[in-house]
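This is what each chain is made of:
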Amino acid sequence: MKALLSFLAVIVLILIATLGVDVANLHFLFGIIIPYLAFVMFVGGFVYRVLKWGRSPVPFRIPTTCGQQKSLPWIKQAKIENPTTNLGVVVRMASEIFFFRSLFRNTKTELRVGADGPKLSYGSAKWLWVGSLVFHWSFLIIIVRHLRFFLEPVPYFVQIADSIDGMLQIGLPPIYLTDLFFLLAVTFLFLRRIVIPQVKYISLAADYFPLFMIMSIAISGMLMRYYYRIDIVAVKELALGLVQLHPVIPVGIGAIFYIHLFLICILFAYFPTSKLMHMGGIFLSPTRNMKNNNRMVRHINPWNPELEYHTYEHYEDEFREKMKKAGIPVEKE
Amino acid sequence: MAKVEKVKTPKPEELSNISYHPPATDWMDTPTEFKPGTYCWGAKEKDLITLGLPNPRQWSPADEDWKVPEGWETTILDGIAERLSKYRSFKVFMDICVRCGACADKCHFYIATGDPKNMPVLRAELLRSVYKKYFTKSGKFLGRLAGARELDMDVLKEWWSYFFQCTECRRCSVFCPYGIDQAEVTIIGRELLNLVGLNIDWISGPAAACYMKGNHLGLEPHAITGNIETMCDDIEEITGIRVNPTFNRKGAEILFVTPSGDFLGEPGIYTCMGYLMLFHELGLDYTWSTYASEGGNFGFFTSNDTAKRLNYKIYAEAKRLGVKYIIGGECGHMWRVLNQYMDTWHGPADFLEVPVSPITGTRFENAKSTKMIHISEFTADLIKHNKLKLDPSRNDHLKVTYHDSCNPSRGMGLLEEPRYIIKSVCNNFYEMPENTIREKTFCCGSGSGLNASENMEQRMRGGFPRANAVRYVQEKHGVNMLANICAVDRAAFPALMDYWCPGVGVTGTTELLANALVMKGEIRRTLDIRLQDLPGKGGNE
Numbered sequence: 001m002k003a004l005l006s007f008l009a010v011i012v013l014i015l016i017a018t019l020g021v022d023v024a025n026l027h028f029l030f031g032i033i034i035p036y037l038a039f040v041m042f043v044g045g046f047v048y049r050v051l052k053w054g055r056s057p058v059p060f061r062i063p064t065t066c067g068q069q070k071s072l073p074w075i076k077q078a079k080i081e082n083p084t085t086n087l088g089v090v091v092r093m094a095s096e097i098f099f100f101r102s103l104f105r106n107t108k109t110e111l112r113v114g115a116d117g118p119k120l121s122y123g124s125a126k127w128l129w130v131g132s133l134v135f136h137w138s139f140l141i142i143i144v145r146h147l148r149f150f151l152e153p154v155p156y157f158v159q160i161a162d163s164i165d166g167m168l169q170i171g172l173p174p175i176y177l178t179d180l181f182f183l184l185a186v187t188f189l190f191l192r193r194i195v196i197p198q199v200k201y202i203s204l205a206a207d208y209f210p211l212f213m214i215m216s217i218a219i220s221g222m223l224m225r226y227y228y229r230i231d232i233v234a235v236k237e238l239a240l241g242l243v244q245l246h247p248v249i250p251v252g253i254g255a256i257f258y259i260h261l262f263l264i265c266i267l268f269a270y271f272p273t274s275k276l277m278h279m280g281g282i283f284l285s286p287t288r289n290m291k292n293n294n295r296m297v298r299h300i301n302p303w304n305p306e307l308e309y310h311t312y313e314h315y316e317d318e319f320r321e322k323m324k325k326a327g328i329p330v331e332k333e
Numbered sequence: 334m335a336k337v338e339k340v341k342t343p344k345p346e347e348l349s350n351i352s353y354h355p356p357a358t359d360w361m362d363t364p365t366e367f368k369p370g371t372y373c374w375g376a377k378e379k380d381l382i383t384l385g386l387p388n389p390r391q392w393s394p395a396d397e398d399w400k401v402p403e404g405w406e407t408t409i410l411d412g413i414a415e416r417l418s419k420y421r422s423f424k425v426f427m428d429i430c431v432r433c434g435a436c437a438d439k440c441h442f443y444i445a446t447g448d449p450k451n452m453p454v455l456r457a458e459l460l461r462s463v464y465k466k467y468f469t470k471s472g473k474f475l476g477r478l479a480g481a482r483e484l485d486m487d488v489l490k491e492w493w494s495y496f497f498q499c500t501e502c503r504r505c506s507v508f509c510p511y512g513i514d515q516a517e518v519t520i521i522g523r524e525l526l527n528l529v530g531l532n533i534d535w536i537s538g539p540a541a542a543c544y545m546k547g548n549h550l551g552l553e554p555h556a557i558t559g560n561i562e563t564m565c566d567d568i569e570e571i572t573g574i575r576v577n578p579t580f581n582r583k584g585a586e587i588l589f590v591t592p593s594g595d596f597l598g599e600p601g602i603y604t605c606m607g608y609l610m611l612f613h614e615l616g617l618d619y620t621w622s623t624y625a626s627e628g629g630n631f632g633f634f635t636s637n638d639t640a641k642r643l644n645y646k647i648y649a650e651a652k653r654l655g656v657k658y659i660i661g662g663e664c665g666h667m668w669r670v671l672n673q674y675m676d677t678w679h680g681p682a683d684f685l686e687v688p689v690s691p692i693t694g695t696r697f698e699n700a701k702s703t704k705m706i707h708i709s710e711f712t713a714d715l716i717k718h719n720k721l722k723l724d725p726s727r728n729d730h731l732k733v734t735y736h737d738s739c740n741p742s743r744g745m746g747l748l749e750e751p752r753y754i755i756k757s758v759c760n761n762f763y764e765m766p767e768n769t770i771r772e773k774t775f776c777c778g779s780g781s782g783l784n785a786s787e788n789m790e791q792r793m794r795g796g797f798p799r800a801n802a803v804r805y806v807q808e809k810h811g812v813n814m815l816a817n818i819c820a821v822d823r824a825a826f827p828a829l830m831d832y833w834c835p836g837v838g839v840t841g842t843t844e845l846l847a848n849a850l851v852m853k854g855e856i857r858r859t860l861d862i863r864l865q866d867l868p869g870k871g872g873n874e
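If you read the protein sequences in the order shown, they are chains B and W.
Under the numbering used here, residues 1 to 333 are what the first sequence spells out, in order.
Under the numbering used here, residues 334 to 874 are what the second sequence spells out, in order.
Bear in mind the hints are in silico, worked out from the structure with no lab data behind them.
One should not assume that every hint holds.
[Said to hold, decoys possible] Partial selection, computed: residues in chain W whose CB lies under 7 angstroms from chain B:
1) K344
2) P355
3) N801
[Unchecked claim] Anything over 12 angstroms on all C-beta distances counts as not near chain W; from chain B, calculated:
4) A24
5) H27
6) F104
7) V113
8) L128
9) I143
10) R148
11) F150
12) L172
13) Y226
14) A234
15) I256
16) S274
17) M290
Glycine included, C-beta positions come from ideal geometry on N, C-alpha and C.
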């Protein structure tokens, strides 16, 4: 039901773009105004969210330690999983951000109840890690490839990414590897959400919606490249115009392009209000980005409260006679 | 007021019959079930008064009416707003979860109940849904589509149920790709519940006792000295040596603080006897305190303020007595608090000195600010420098495995020190499977103040994954002793072992050490620390 609603929402968005361009001829709106709006909402929303997070202090230093602490010199410290230096934290964070270190730990718990009682076992479960890694890296490379529409001359690294990605040379234009990987990965991420009962149970419409959006963006993009073969030169003219703040609407770009663009715009505008902000949030996660040097360097809590305490004097006043009888020294005889 | 029934705990065969298939209804439409045996009694009026906490009254979770004050919704929502502005962790964790589900089967309570609301992701969602409704635009406008829902009494009861079914063990945060820590969410969730007077008796009782008397058990000064005297008598019987500890002594070099669980009840007292023997053998210039007689901190399961108020005594007493530094005993959450909170709350500890072992001269640079070291750090250093005469064969009748307590593992990283000690004092040591130890260790199921007796069924469930790993080494290697460094473990494990893997005993690490410790001038040992015959040592076998 939640998945269906999200799917319908995406269909409606596609219809809006199709009708808007093909029937109402609102090319200016869909090609220029909405992209600018979406860009502003994305950048503004993203910055707003991060600043909002940043406004709240980190009162305690609470890293989740995943290895041996630094203590005695002859005990080997896990310098990355339990870092005490900035370098250690940077490497730990980089391994999370680029390689999804924690997800790599994933296991699958199984319960078997046999004649000799229940037995739990923990098998390796790397599929989620593989799927997510392929998904995110493909996404990144695809975005880098798209820079060739926005930049003139096309930077060298974009050309390199392009040629490696297209190295299979199947068909004309060559099929990008990342297109295939991306579609496979996003399909996998969707399927696990509806096939694994537990994951289905925790999934919200807000989990399906971005998946369908991303899937539709990928499919519309691939249709443009491999099937409809739209006018690339015109698309680049539009993209460069947007970047150079001299927006123009070239003639002859098909509706499929506007669908692609509109979905991207909606995704960008939606991004800062959604769970997609995990992209920014991971950098601020206190269990990962802090050193475990708690006992070496005092951490300051800006709102450390003044409180009332039960002092030793209170305590001795209550128990003085009992303490004396038990031979415990007291302050006041 | 309805009294919560004490019910018979189902048999292991019944408890291990777990269905992982989620219910047919959406979790927002699935009512919370309050089944006797799975939840704790409500906090008592007198304890909330002692602690100055809101809404003291007699109430029972078994009643329909929980007697929360008029306008409680505003109190909770204001409480959320305040905590969002105080804790970046809370704000970020509310916003960035993608519900990938990697945390789900990492929680011992989910593994053992199959209840989806015990998946860390959904436990967080219980609070996140309310956050979304009142604090985000998408939740305000899209409502349920965005995973948002209204705050009402059923939601509040659901929070109470599930935030007191989380032991704040942080295992989920090891596996979360963003490090979302359910312990942090539970801590804040419990703070919110405390704003309207919803705690459990097993937490607020010990916290109140600790506030007034210095320790969770409520032992008055003469009871502490009396108990320790009795232990000294036993030590004399075992070793022929009279140990003479001092209390509240000014001018001692070191203050020793341990969880009060070590003062009373088996097997905690054996660990305590271990400390006494070790310190005597070293001739350590140290003192106990009857005022700072609690290392643990049940305030930590109440609110940040209560935790800070209880923790105050440790530095205050160190300052009053004029010691140079502090050694802390074996305890789990105690060390999360000491390692990650104490210095921030009550530092800088400029009245203390950087800990230096008087025996080996080792300077504990890792504690140069907090000035408090763990007994395992201290002891491992002694053994490494050959300062202790040890006879590990005295532990030959034991086949030992080691349980990493959640907090020292995931909130500190104290992994090798206790292992080094155990391997030095025992000849038979076996690790449990890799996915169940070190940073992936499983909770005893009774942490964070849930080691009451009325929720025994839930405790046996929560401890199932841990016990199952113990049973694995029991069957494979004949393991008969579960070592640990935590007072809650020592209190909770005996029942858990009897339930899931009978025949496995429970011991503190320092007890094992004391058993192997050859003391100067001791009589020939025929008894172990439990005053039982030492097999193969000429006792009356």
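Going through the hints against the structure:
Below 7 angstroms, beta-carbon pairs count as interface contacts, and K344 (chain W) has none with chain B, the closest being about 11 angstroms; its hint is therefore violated. With 7 angstroms as the threshold, the beta carbon of P355 (chain W) comes within range of chain B, its nearest partner Cβ sitting at about 4 angstroms, so the hint holds. The closest approach between the C-beta of N801 (chain W) and any C-beta of chain B is roughly 5 angstroms, which is under the 7 angstroms cut-off, so the hint is satisfied. For A24 (chain B), the shortest C-beta to C-beta distance to chain W comes to about 26 angstroms, beyond the 12 angstroms cut-off, and the non-interface label holds.
In this structure H27 (chain B) is separated from chain W by more than 12 angstroms, as the shortest Cβ-Cβ distance comes to about 30 angstroms. Not every CB of chain W lies more than 12 angstroms from the CB of F104 (chain B), the least distance being 9 angstroms, so the non-interface label is violated. For V113 (chain B), the non-interface assignment is contradicted: its Cβ lies about 6 angstroms from the closest Cβ of chain W, within the 12 angstroms cut-off. The claim that L128 (chain B) is not at the interface with chain W is violated, since a C-beta of that chain comes within 12 angstroms of its own (minimum 6 angstroms).
With a minimum CB-CB distance of about 19 angstroms to chain W, I143 (chain B) clears the 12 angstroms threshold, and the non-interface call stands. No beta-carbon of chain W comes within 12 angstroms of the beta-carbon of R148 (chain B); the shortest separation is about 30 angstroms. The Cβ of F150 (chain B) sits about 28 angstroms from the closest Cβ of chain W, beyond the 12 angstroms cut-off, so the non-interface label holds. No Cβ of chain W comes within 12 angstroms of the Cβ of L172 (chain B); the nearest lies about 38 angstroms off, and the non-interface call holds.
The beta carbon of Y226 (chain B) sits about 30 angstroms from the closest Cβ of chain W, which is more than 12 angstroms, so the claim that it is off the interface holds. Remark: the non-interface label on A234 (chain B) is consistent with the geometry, its nearest Cβ contact in chain W lying 36 angstroms away (cut-off 12 angstroms). Non-interface call for I256 (chain B) relative to chain W: holds, since the shortest CB-CB distance, roughly 28 angstroms, exceeds 12 angstroms. Chain W draws S274 (chain B) into its interface by the beta-carbon criterion, the shortest separation being 7 angstroms against a cut-off of 12 angstroms.
A beta-carbon of chain W comes within 12 angstroms of the beta-carbon of M290 (chain B); the shortest separation is about 10 angstroms.
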